[in-house]
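Each chain is listed here by its residues.
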Amino acid sequence: MADAATLLVLWPVLIPIATAALTAALWNRPVAQRRIGLASLALLLVASLALTAAVIDEGVIAKQFGDWAAPFGIGFVADPLSAAMVAISGILAFAVGIFALGDIKERHERAGFHPLFHGLLAGVNGAFLTGDIFNLYVWFEVMLITTLGLLVVQRGKAQIDGALKYAAMNLFGTILFLIAVALLYGATGTLNMADLARILPQMEMSPGLTTSALLFLAAFGIKAGVFPLFFWLPASYHTAPIAIAALFAGLLTKVGVYAAFRVFTLMFEMEGGALREIVAVVAAMTMITGVLGAAIQWNVRRILSFHIISQIGYMLMGLAIATPVAIAGAVFYIVHHIIVKANLFLLAGAIKHAAGTDDLRKAGGLLKSHPWLAVLFLIPALSLAGLPPLSGFWAKFLVIDATLREQVWWLAIVALGVGALTLFSMSKIWMEAFWKKPVLVRARPRTVPVVFVVPIALLGAVTLTIGLFADPFVEYARTATAVLVDPTDYIAAVFPGEEPVRTVETALPVIATEGAVE
Amino acid sequence: MTLVYAITIAAYVGCGLYMMLSRHAVRMVLGLALLTNGAIFLIFLSGRIGSSTPPVIPQGADALAADAANALPQALVLTAIVIGFALTAFAIALVLKAYHSLGTLDVREMKAAEALGAPDAPSSSRTVTNPQTVTNHG
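Going down the list, the protein sequences come from chains A and B.
Sequential numbering of the first sequence, starting at 1, is according to our numbering.
Sequential numbering of the second sequence, starting at 1, is according to our numbering.
Keep in mind the hints are simulated off the structure, nothing from the lab.
Just so it is clear, the structure is predicted and the values come from calculations on it, not from any experiment.
Any given hint could be a false lead.
Claimed, not checked - PhoX-like mimics (lysine-lysine), calculated; alpha carbons at most 20 Å apart, straight line:
id, chain 1, residue 1, chain 2, residue 2
1, A, Lys157, B, Lys111
2, A, Lys157, B, Lys97
3, A, Lys368, A, Lys428
4, A, Lys352, A, Lys428
5, A, Lys105, A, Lys157
Please take these sequences and the hints and turn them into a complete structure.
What follows is the structure in structure tokens.
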């Protein structure tokens, strides 16, 4: 493995961290911040695509920091799933970065938008790439603190209120995560994920380990916004500026889902215990409550916030069924959903700009005044509802097909019903904002800025590409699943050569690397 | 010794959870701080309470003495304390800001985010009556 390829694992984290530092130094110069930010996002996009290409070529890539051999040092591991998540985040961040040029006001920038934005990207990519469970906790906290900062860049009453509710639930979630890590370390004596993947299958499930597994589930459940732990999400997402809400909607909950997939495929088995049943019921309830919550809303952003929740249910379905086909379906679903959901939020911003309101009751007539916006809306909206030939159809098809193969009929029926209700919500936005006669007719229609249209079109093109040429993406999801289900490659990449011997003496080096994270 | 630690952790976590259930925002933050400390003690305990010999390699030797203390939990605890401190500080600042702008510390009275775009209450003063809306909402 070439050294340049292993270094590729670092760029998706190093670029945003460096940018966050640089933009923080240029706090009072918004124009310079904007330029550096956009250049950095382009660079990040290239770096993450290069990482994915390298992972496709060479398989799992692992990099141990400071040359401390695993499991003593902290390492980054890019397997096909991590690489795909990093790549899709790179695309999304770039699109949102362009949108932010038009959406983010100078007072938001003076409140620290740029450093927080890039800090969040560093946290997200770090969480995707890390190969150490305690390090994953650290990245979760990086994400949390930057998210809270972004929620309050606009310091209105609603934003402060939303941030407080977000903080209460998510701080609690990360403490549960920390307790789970402590219990896991107490039982196994290691924090390296690949090492845990070797040790845990040979261990009996002691009470400590069971508690740890359930706490992981609860902590990631809070992060992912699953039933009944999702209340922070619709309480806060609609208060943030659109560009920020789009980034949250696309990435944050999916990091929770990703972490759940990582922990419950690599380390803990879904078989055994009641874990599968719990996750299946949680998935069904998440889908139903999310979609019903959306049905009564009239504010575009609130409708979309509730739909984030219902879509998380589909991803959890894949984890509940836990066959390779189901996990591949869920992986495909996550990738498709990140793009579609963020795009819908950007469109909500465009609708708000064009109609002057994001209350559907007061909007209308956009089909006549902005026909191309209507077309761009249809792509992610129909994809979210799962209509062919868009990406959402394949995503739903793969997950539901896997459910039917396992003959879990009730879950499949719930998934199909929720799909129909999703279509109802999307057609509601369509009817009210685009189709219906405007409530008040403007003399001159408000034009939507180009910086809004470009990212929406870009993400729409990605959705169309995934939908029309689904084969390579499904194939990639299968490859990613193969590594998840059988972690031999993952372990081999982290432990090249012979099995390391663990003794008390060699516990020392870990301090240096663990301490370096802070 | 382990039992003493276990009871201490239970007390911390129990008090923390109880305080988090409070509707007073400041009590919630205090509860979070207690919970964090409980978790930190738990990390410390999960590294096992053993010898207090410092994990330093003596002059001339190339490995630690066999009875050296486990240093990893201390590194983890240090990280967790730093993170916990930062988040608690932020939470306190947020609560202070909420008190200034919302004028209350009772979370039941904090409804600004709910009111924004709520389905039953039009957010702006200009109310548009739409017959469909009225029938849908009863």
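Hint-by-hint comparison with the structure:
1. A:Lys157 <-> B:Lys111: holds (9 Å)
2. A:Lys157 <-> B:Lys97: holds (9 Å)
3. A:Lys368 <-> A:Lys428: Between Lys368 of chain A and Lys428 of chain A the Cα gap is close to 17 Å, so the pair holds against 20 Å.
4. A:Lys352 <-> A:Lys428: It holds: about 15 Å lies between the C-alpha atoms, which stays within 20 Å.
5. A:Lys105 <-> A:Lys157: Holds, because 18 Å separates the two Cα atoms, which is no more than 20 Å.
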